[in-house]
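Residue numbers (my numbering), protein chains in the order written: chain E, 1 to 285; chain R, 1001 to 1114; chain Z, 2001 to 2627; chain C, 3001 to 3285.
To be clear, the hints were calculated from the coordinates, so they are not data collected in a lab. By construction, the Cβ of each residue, glycine as well, lies at the ideal position given by its N, Cα and C atoms. Hints may contain errors.
If the Cβ cut is set under 8 angstroms, some of the chain E residues that face chain R in the computed set are [claimed, not checked]:
1) T63
2) R86
3) V90
Chain E is nowhere near these chain Z residues, computed Cβ spacing over 10 angstroms in every case [to be verified]:
4) I2076
5) G2290
6) T2464
7) A2613
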Amino acid sequence: MEIPYTISTRPDTGLWNAKIGIWLFLASEVMLFGALFSAYIFLRIDAAPGTWPHGLLNVPVGTGNTAILIVSSVTVVLAWAALKMRRYRVYWWYMLATISCGVIFLTVKLAYEWPQKFEHFGAYIKPDALGKYEKYLGNERRAEKGMEPRIEITGHLHSQNAKEYEVALDPVNADPDNPVMDRPHFLPLPVTDKIATIEKEDVERATMFLPTHSAYFASYFTITGLHGLHVLGGVLVFIYMWLPVSKRLYQRNPEHLANRVEVSGLFWHFVDLIWIFVFPLFYLL
Amino acid sequence: MNNPPDVTQDPKEYEEYAHGVQKHVRGYLMVGALLLTFTAVTVALSYVDFGTRKANIGIAMLVATLKAGAVAAVFMHLAAEKRLIYRILIFTGFFVLGLFWLILLAWYDYPIFR
Amino acid sequence: MDASTSVETHQDPHAHAAEHEHHELGFWRKYIFSTDHKVIGIQYGITGLLFLLLGFSLMMLMRWQLAYPGQALPVIGKWLPHIFGAGTMPDGKMTPDFYNSLGAMHGTIMIFLGVVPLAFAAFGNFVVPLQIGAPDMTFPKVNMASYWALFVGGSIMLTSFFVPGGAAKSGWTSYVPLAAFSDAGPGHNPVFNGQTLWLIGFIFLITSSLLGAVNFITTIIQLRAKGLTWMRLPFFVWSQFVTAFLLLLAFPPLEAAIIMQLMDRVAHTSFFLPAGLVVNGAPVSISGGGSPLLWQHLFWFLGHPEVYVLILPAFGIVAEILANNSRKPLWGYKSLVFSVLVIGFLSFIVWAHHMWMTGMGTAVSAFFQTTTLLISIPSVIILSAFFISLWGGSIRFTVPMLFATAFLPMFGIGGLTGIPLAFNSADLYLHDTYYVIAHFHYIVAPGTIFGLFAGVYYWFPKATGRKMNDFWGKVHFWPTLICMNVIFLPMFLQGMAGMHRRWYDGGQGWNVSNEHTIWGLTGFQWNAPISWAAWIMGLAQIPFIINFFWSIKHGEKVNDNPWEATTLEWTAPSPPPHGNFVHTPVAYRGPYEYSLPGRERDYTMQNEPVEPAERTRRKPPAELVPA
Amino acid sequence: MNSLALINEFLGQPPNASSHGYQIDHILEFCHWFMGALFVGWSAFFIFVLIRFRKRRHPQADHLGVRSGISSHLEFSVVLIEAVLLLGFAIPLWAKRVNQFPPGKEALVVHVVAQQFSFNYHLPGPDGQFGRRDVGFVSNSNPLGLDPNDPAGKDDIVTTGELHVPVNRPVIAELSSKDVIHDFFLPSMRIAGDAIPGSLIPIWFTPIKTGTDEIICGQLCGLGHYGMKGTLVVDTPQDFQAWLKERTELAGGAQGAAPSPSPGAPQQPQNKPPAPAASPSPSGE
Ligand code: HEA
Ligand code: HEA
Ligand code: CUA
Ligand SMILES: [Cu+2]
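Please construct the entire structure, taking both the sequences and the accompanying hints into account.
Dropping the structure here:
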């Protein structure tokens, strides 16, 4: 028994099965990420002043990763087009390129970006101790300009004892009154060698840049993590379609392979599309 | 062209079809380049202060939407798809927006304050 | 009719490959890891029935505590601690935590592991491809994956009973922050605790439903037999189609919420936790900034469509059986289809009627009240159409028909009592009382469950080639019907008296209800008769279970179309072979051509070609057309 | 009591004791009459059909069945009745509940702070001003975290268990919670509202009869949920003043900001459930 319309199209819908299937699946993905983004927006508009961090991510790296995903989207359509033109070798190379892009993206994310966050340290200062750390926070100037106060001091944790943290400050806290720091994209700038001593008594909560740090990092790790899982899934599927088994399918029925590539390509583009929103939302704003 | 003719094993017809595919390839490359440019634009714009953070967010989201639109329309062939797919997507779009918009409404429509 | 059978094969050069792929499969491939929709349907069915039984058993335990709070459970009370752990029923007396676990798991199991697998996945898998004349689902392997995802999810849920601290105990709604604090903190395993396992299990259940939904929709769109146009689909297929869409689009937001709650528990984020919480007198150290209401919105965004997932398949089953046993077409087929589509659409925008008490303003509550009332209209239309369908019929009271007819007033009571809940000012008084419990149980228990029983009795001959015993079917039906009403009617009274749900002591410690009597009993005293009815109903299921298993081997053998029905599944052999049909069917007419005037038989199957003479005769005579 | 109201009584609803409660009861009555009419009508039809058209009585079914359009009239009247109930009663009633709060001077304002498993009440005392509350100050003797340095809080009344309100005067209760979601339900006042941590939800009602009633927690809040009850005492104005005075004296006499109004430890949740062997702490931690 064979299921109809796996390869050819059904006349009244003009579509083959998997095409409908993948679009339905993507529809559910739209709902999934739609809900996550909605949650992100609600948490953000609800955030108490000073608790929503800005500019903590590494923009150049993020930009690079965005470019890599876009390139991979191009290579995957080209791979599909090559199949349509029945050029298996070309297909094979484009597929390899796509897979490599996916792997690079994941590597950058998991081996570089995330660990970099884990090493970073932030201490929220208690409201009544803010004045004491004015020289790191620059709140007087910010108040004048009508900006949200800063309530957190960040950097690398140099050392700590029972009473104090010693923090090698980030540029924002090292030079808080510098107007450039009002819209900081500072992680590419290295941590300064200026060391601040913060008394534990004055600290409301101190944490590394982990999901526990704030609603912002919670969303960041959740959404990029889930997105990363999608990338991983896509890469695995592509690897399967690139291995020698695909050659056999190609020889049996090239259109079948082309359909499979189209379907997984649609998924891949969707993953790219999600990233197109993740990138500005988390990195730039 | 996204939905190829039913596979006929007639090589001549296929040749024609492959030629059609070839023409699209340039389009894909151009869209790819466009997307890369737009990425650079988004980053650049984020350094510009448009007055309020809301304005910055709005502009960045606008660019992102354009990019997403290009991916969907060209790479995902949505520019020329069958009606059925559009229908599915329209309902989905409606429901995500409903989800977002109704929660937003409920969020702010509280007696006195929350 | 053979000439026109090859719907698609002529355009598929590889169709000839079909024959030589048809080799014998081993036991594992044939019955366990099968990709045949019928086997998968049966797997789903058995799983669903077992979980229903489990969910019911949990409830029978709870009913003891409600009727006789604090008293030791006789006989089995001594054993239960050995099964569920020492802390659950010391000396046979239920602890509040265990009561809450049972309640949460009763809700979860009944809905997500009982009714959804049975009503949607089992009947959908077994019946839909047959009814649309398809050889199988479009994606058989995905179909198998979706069953196994359910299996894993269900196993995780079951496992959670046996971890220290017991299963999830924050209600099937798992409202945060309660759910975030339960089973958490020192002394609890970060993963192997009730609530976390509930969340992880849920992710598998959602995956299962999503895969199933994609498969069903694609199958219904793509694999309809030639001639089976949308308006010739049996109503059951329509209801499954809409149900699949509900699952497809409503589940992902809950999945998002579940991922976030999982992060809250495992990675200690605070998506749903605001700052400044004090638990047990100690401030909680979290970043804060989250919102408990966000969870409720995302939960009910699924939660409401989900309740229609529970009822629509039952509507479909009941429709088939009503038409068949009254020997006449469904009345108002088009308006039925239209109503079910409208329900599907509206069910996405009514969810906040579960949240009236969360401090909602006028505009939003007016919106949601309006949509909630609007959605009751198509339900009224559907139910009216069912009632009217019976008029002029020749009603046979077979066992499936008994359950299907009982479904109607039972759903009616449940649906009607939804109306006061829909008005937020009335719900102000009724919210979270037993009135709500009675409202939805009337829909899901004597409603959906009856629909499911009806479906089991109705399609059993198709799956096995044998019929279930009629006499024992009736012995199952009557006590069940009576007990259901004895269980759930008094709950309306308790609810009106203000008695609340999820009360471990059944309202014993609530002074007001103990001074105020309704029909001679106080709110609390009503618990005992209710519980007795529940236990008697438990006994009444024994004939069903025995009948079910006994009939598989020993039931009366019947032909391929024992009910003399019209839809395509009855043209296939019973049980249908791999690939379903001997001849690929073609549909020439609507699904319910019963008692066509001038025909020998009182049913005309969908694959019987229209005779030329019929064409003219089909138009009703002018004097019969309504003005 | 008009005769319509009989249906609610018949169904076991206890009497109302607030000024708006009869409106809520009216909606319930209308609903129940409406439901009753539909139920009786359809049931009669249903039973008739089942008897009249059973196979023995009517062996040959009629292909067409009902041909009149009566059902559309029926459906239309259902729509109409629902519309009337909604537009005429439910929406205006709700609007009054949430938009037209009585002016603060006229009303008695009480902050209700729920916790596992009791309700705490915070009244402003003679100065009419609520003292500041902050989690930082929460301690055994200060369950609500009243700021000891805030002069407005010196005379505040913090109590639990019994809430006294005067008859015929509007009461505004602002609901919040320290830990999980609870629901403050006053059955005889026909009013309820969720107490949600992180938000403040106001409800209001005017008692019209003196007497006592039970306060119920209407939202699952843990293992002691079933025992989370309180008492509402509606006093004559004189009695209420006396109660206030007594409480204020207690507040003034007590050490620190938080008075211990009731003998014994006020932070002990009342109606504490018997702690089961398996899980020693109320929140299930
Ligand atoms: C399958 C399940 C199902 C269905 C179909 C419905 C249908 C409806 N539900 Fe129900 N509901 C639940 C399951 C369901 N519900 C559950 C599980 C909960 C509780 C969740 C929880 O908190 O745990 C709930 C809770 C719930 C609430 C929240 C109550 C609260 O928590 O305070 C509300 C409020 O608006 C509501 C309203 C409605 C309405 C208006 C309908 C309408 O769609 C009903 C329309 C139907 C009719 C109007 C019937 C028409 C019939 C006739 C006209 C014929 C009559 C004839 C005879 C009787 C012979 N429901
Ligand atoms: C589909 C959903 C569903 C179904 C069918 C039921 C069925 C029943 N429910 Fe349940 N219930 C819920 C969903 C459901 N419930 C939910 C969501 C809650 C809220 C939970 C919460 O508070 O969080 C709830 C809560 C709830 C309560 C309130 C508890 C409390 O608040 O403290 C009570 C009290 O009596 C109750 C009773 C019953 C009873 C007596 C049945 C009976 O009708 C059961 C009937 C069952 C059967 C008749 C089983 C038949 C199956 C077989 C016989 C299998 C045969 C097997 C083989 C052949 C292999 N339920
Ligand atoms: Cu507090 Cu229930
Ligand atoms: Cu609902």
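message: Of the numbered hints stated earlier in the document, which are not met by this structure?
response: Structure breaks hints 3, 5.
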